[in-house]
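Undergrad: Sequence:
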Amino acid sequence: MNVSDAVAALAAPLRPLDEAVAALGRDAGLVAWWGSGVPGLPDSGPAHPVDGGFVLLDVGDATMLRNRVTRQDLYRTGVSPLRRALAGLLLDELALAPTWAADVVLTRADEDTLGAWMHAHLRLTAVVEPDRKLLLAPVRDAMDPGLREDGERARAARERFTAAAGPKPVRDPSVPFRRP
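Numbered as in UniProt numbering, the sequence shown ends at 180 without a single skipped number.
Rather than coming from a laboratory, the hints here were simulated on the basis of the structure. Any given hint could be a false lead.
Quick list of the computed label-pair ranges, beta carbon to beta carbon [said to hold, decoys possible]:
(1) Tyr75 - Pro138: 35 to 41 angstroms
(2) Asp112 - Pro16: 17 to 23 angstroms
(3) Thr63 - Asp103: 34 to 40 angstroms
(4) Gly53 - Asn2: 27 to 33 angstroms
(5) Val79 - Arg171: 16 to 22 angstroms
(6) Pro169 - Pro130: 41 to 47 angstroms
Glycine is no exception: its CB is placed at the ideal position from the N, C-alpha and C atoms.
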(Lines of atoms letter the chains of each structure in order from A; the text may use other names.)
(Lines give C-alpha, C1' and ligand atoms only; values in the text may rest on other atoms or scores of the structure.)
Protein backbone atom coordinates (compact mmCIF):
# COMPACT_ATOMS: atom_id res chain seq x y z
CA MET A 1 0.00 0.00 0.00
CA ASN A 2 1.28 3.46 -0.80
CA VAL A 3 0.72 6.71 1.10
CA SER A 4 -2.12 7.97 -1.10
CA ASP A 5 -4.01 4.66 -0.74
CA ALA A 6 -3.61 4.78 3.05
CA VAL A 7 -4.77 8.42 3.17
CA ALA A 8 -7.82 7.56 1.04
CA ALA A 9 -8.70 4.61 3.28
CA LEU A 10 -8.34 6.69 6.45
CA ALA A 11 -10.62 9.38 4.93
CA ALA A 12 -13.46 6.87 4.47
CA PRO A 13 -16.97 7.86 5.61
CA LEU A 14 -17.28 7.86 9.39
CA ARG A 15 -19.42 5.44 11.37
CA PRO A 16 -20.51 5.62 15.00
CA LEU A 17 -17.53 4.81 17.21
CA ASP A 18 -18.92 1.52 18.54
CA GLU A 19 -19.53 0.25 14.99
CA ALA A 20 -16.04 1.23 13.86
CA VAL A 21 -14.44 -0.43 16.90
CA ALA A 22 -16.48 -3.62 16.39
CA ALA A 23 -15.20 -3.83 12.80
CA LEU A 24 -11.54 -3.73 13.88
CA GLY A 25 -9.57 -6.94 13.70
CA ARG A 26 -6.33 -8.13 15.19
CA ASP A 27 -4.33 -7.05 12.16
CA ALA A 28 -1.55 -4.48 12.14
CA GLY A 29 -2.37 -1.13 10.64
CA LEU A 30 -3.03 2.57 10.97
CA VAL A 31 -5.85 4.28 12.81
CA ALA A 32 -7.11 7.84 12.31
CA TRP A 33 -9.02 9.66 15.05
CA TRP A 34 -11.55 12.30 13.98
CA GLY A 35 -13.24 14.66 16.44
CA SER A 36 -15.97 17.26 16.68
CA GLY A 37 -16.37 19.84 19.39
CA VAL A 38 -12.89 19.41 20.84
CA PRO A 39 -12.12 22.51 22.94
CA GLY A 40 -9.16 24.44 21.61
CA LEU A 41 -9.15 22.51 18.33
CA PRO A 42 -12.06 23.83 16.24
CA ASP A 43 -9.97 24.28 13.11
CA SER A 44 -6.71 22.60 14.00
CA GLY A 45 -6.81 19.64 11.66
CA PRO A 46 -8.11 18.99 8.19
CA ALA A 47 -11.86 18.55 7.92
CA HIS A 48 -13.17 15.13 7.05
CA PRO A 49 -13.87 15.07 3.30
CA VAL A 50 -17.36 13.57 3.70
CA ASP A 51 -18.57 14.04 7.27
CA GLY A 52 -18.82 17.75 8.07
CA GLY A 53 -17.96 18.91 11.55
CA PHE A 54 -15.19 16.36 12.11
CA VAL A 55 -11.50 17.26 11.95
CA LEU A 56 -8.52 14.91 11.96
CA LEU A 57 -6.98 14.70 15.42
CA ASP A 58 -4.27 12.07 15.04
CA VAL A 59 -3.01 9.12 13.04
CA GLY A 60 -1.35 6.27 14.88
CA ASP A 61 -0.15 2.76 14.25
CA ALA A 62 -0.92 -0.53 15.94
CA THR A 63 0.40 -4.05 16.03
CA MET A 64 -3.23 -5.13 16.57
CA LEU A 65 -5.80 -2.48 15.69
CA ARG A 66 -8.54 -3.67 18.06
CA ASN A 67 -6.17 -3.86 21.03
CA ARG A 68 -4.70 -0.43 20.32
CA VAL A 69 -8.15 1.15 20.34
CA THR A 70 -9.88 -0.82 23.11
CA ARG A 71 -6.96 -1.33 25.50
CA GLN A 72 -5.27 2.02 25.07
CA ASP A 73 -7.09 4.88 23.38
CA LEU A 74 -10.56 4.06 24.78
CA TYR A 75 -9.35 2.55 28.03
CA ARG A 76 -6.78 4.29 30.21
CA THR A 77 -5.18 7.70 30.20
CA GLY A 78 -1.96 6.26 31.61
CA VAL A 79 -1.25 4.27 28.42
CA SER A 80 -2.64 6.49 25.68
CA PRO A 81 -1.02 9.72 24.49
CA LEU A 82 -4.31 10.58 22.71
CA ARG A 83 -6.30 10.24 25.95
CA ARG A 84 -3.73 12.31 27.88
CA ALA A 85 -3.90 15.07 25.26
CA LEU A 86 -7.71 15.04 25.24
CA ALA A 87 -7.77 15.03 29.05
CA GLY A 88 -5.47 18.08 29.03
CA LEU A 89 -7.82 19.89 26.65
CA LEU A 90 -10.95 18.84 28.57
CA LEU A 91 -9.75 19.40 32.15
CA ASP A 92 -12.13 22.27 32.82
CA GLU A 93 -15.05 21.20 30.63
CA LEU A 94 -15.25 17.74 32.22
CA ALA A 95 -13.92 18.77 35.66
CA LEU A 96 -11.20 16.13 35.47
CA ALA A 97 -8.85 15.78 38.42
CA PRO A 98 -5.59 14.06 37.45
CA THR A 99 -3.65 12.47 40.27
CA TRP A 100 -0.32 10.77 40.75
CA ALA A 101 0.11 7.00 40.87
CA ALA A 102 3.18 5.57 39.15
CA ASP A 103 2.44 8.29 36.57
CA VAL A 104 -0.31 10.88 36.24
CA VAL A 105 -3.66 9.11 35.86
CA LEU A 106 -7.36 9.74 36.22
CA THR A 107 -9.62 8.15 38.80
CA ARG A 108 -11.91 5.44 37.48
CA ALA A 109 -14.85 7.86 37.55
CA ASP A 110 -12.90 10.45 35.53
CA GLU A 111 -11.77 7.74 33.07
CA ASP A 112 -15.44 6.87 32.57
CA THR A 113 -16.33 10.54 32.06
CA LEU A 114 -13.58 10.98 29.48
CA GLY A 115 -14.57 7.72 27.77
CA ALA A 116 -18.20 8.86 27.50
CA TRP A 117 -17.06 12.18 26.00
CA MET A 118 -14.88 10.32 23.49
CA HIS A 119 -17.78 8.09 22.43
CA ALA A 120 -19.96 11.15 21.87
CA HIS A 121 -17.39 13.30 20.02
CA LEU A 122 -14.90 11.00 18.28
CA ARG A 123 -14.93 8.70 15.28
CA LEU A 124 -12.19 6.54 13.86
CA THR A 125 -11.13 4.99 10.62
CA ALA A 126 -8.53 2.28 10.18
CA VAL A 127 -6.60 0.52 7.47
CA VAL A 128 -4.88 -2.85 7.70
CA GLU A 129 -1.24 -2.50 6.76
CA PRO A 130 1.56 -4.87 7.82
CA ASP A 131 4.19 -2.19 7.01
CA ARG A 132 2.48 0.37 9.26
CA LYS A 133 5.76 1.64 10.72
CA LEU A 134 7.03 2.60 7.26
CA LEU A 135 3.80 4.43 6.39
CA LEU A 136 3.08 6.20 9.67
CA ALA A 137 5.30 9.28 9.26
CA PRO A 138 4.48 9.92 5.57
CA VAL A 139 0.74 9.44 6.21
CA ARG A 140 0.86 11.80 9.21
CA ASP A 141 2.70 14.34 7.10
CA ALA A 142 0.24 13.99 4.22
CA MET A 143 -2.86 14.24 6.44
CA ASP A 144 -1.44 16.81 8.91
CA PRO A 145 -3.59 15.95 11.97
CA GLY A 146 -4.24 18.78 14.40
CA LEU A 147 -3.42 16.83 17.56
CA ARG A 148 -0.69 14.56 16.22
CA GLU A 149 1.14 12.75 18.97
CA ASP A 150 4.50 14.28 18.10
CA GLY A 151 3.10 17.79 17.57
CA GLU A 152 3.27 20.88 19.76
CA ARG A 153 -0.49 21.08 20.48
CA ALA A 154 -0.62 17.52 21.78
CA ARG A 155 2.57 18.01 23.78
CA ALA A 156 1.19 21.17 25.43
CA ALA A 157 -2.11 19.43 26.23
CA ARG A 158 -0.31 16.45 27.80
CA GLU A 159 1.88 18.83 29.83
CA ARG A 160 -1.27 20.64 31.04
CA PHE A 161 -2.73 17.28 32.09
CA THR A 162 0.43 16.37 34.02
CA ALA A 163 0.70 19.82 35.64
CA ALA A 164 -2.91 19.59 36.84
CA ALA A 165 -1.90 16.68 39.09
CA GLY A 166 0.51 18.93 40.97
CA PRO A 167 4.00 17.99 42.08
CA LYS A 168 4.83 14.31 42.26
CA PRO A 169 4.45 13.17 45.85
CA VAL A 170 7.18 11.32 47.63
CA ARG A 171 5.92 7.80 48.14
CA ASP A 172 6.20 6.13 51.51
CA PRO A 173 7.71 2.69 50.73
CA SER A 174 5.90 1.15 53.70
CA VAL A 175 2.50 1.87 52.11
CA PRO A 176 1.43 -0.53 49.33
CA PHE A 177 0.72 1.03 45.93
CA ARG A 178 -2.92 1.35 44.91
CA ARG A 179 -4.33 2.87 41.76
CA PRO A 180 -6.72 5.74 42.59
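Undergrad: A separate judgement is required for each hint: does it hold in the structure or not?
TA: Outcome of the hint check:
{"no.": "1", "hint": "Tyr75 - Pro138: 35 to 41 angstroms", "in the structure": "violated, 28 angstroms"}
{"no.": "2", "hint": "Asp112 - Pro16: 17 to 23 angstroms", "in the structure": "holds, 19 angstroms"}
{"no.": "3", "hint": "Thr63 - Asp103: 34 to 40 angstroms", "in the structure": "violated, 22 angstroms"}
{"no.": "4", "hint": "Gly53 - Asn2: 27 to 33 angstroms", "in the structure": "holds, 29 angstroms"}
{"no.": "5", "hint": "Val79 - Arg171: 16 to 22 angstroms", "in the structure": "holds, 20 angstroms"}
{"no.": "6", "hint": "Pro169 - Pro130: 41 to 47 angstroms", "in the structure": "holds, 44 angstroms"}
Violated hints, in rising order: 1 and 3; the structure is consistent with all others.
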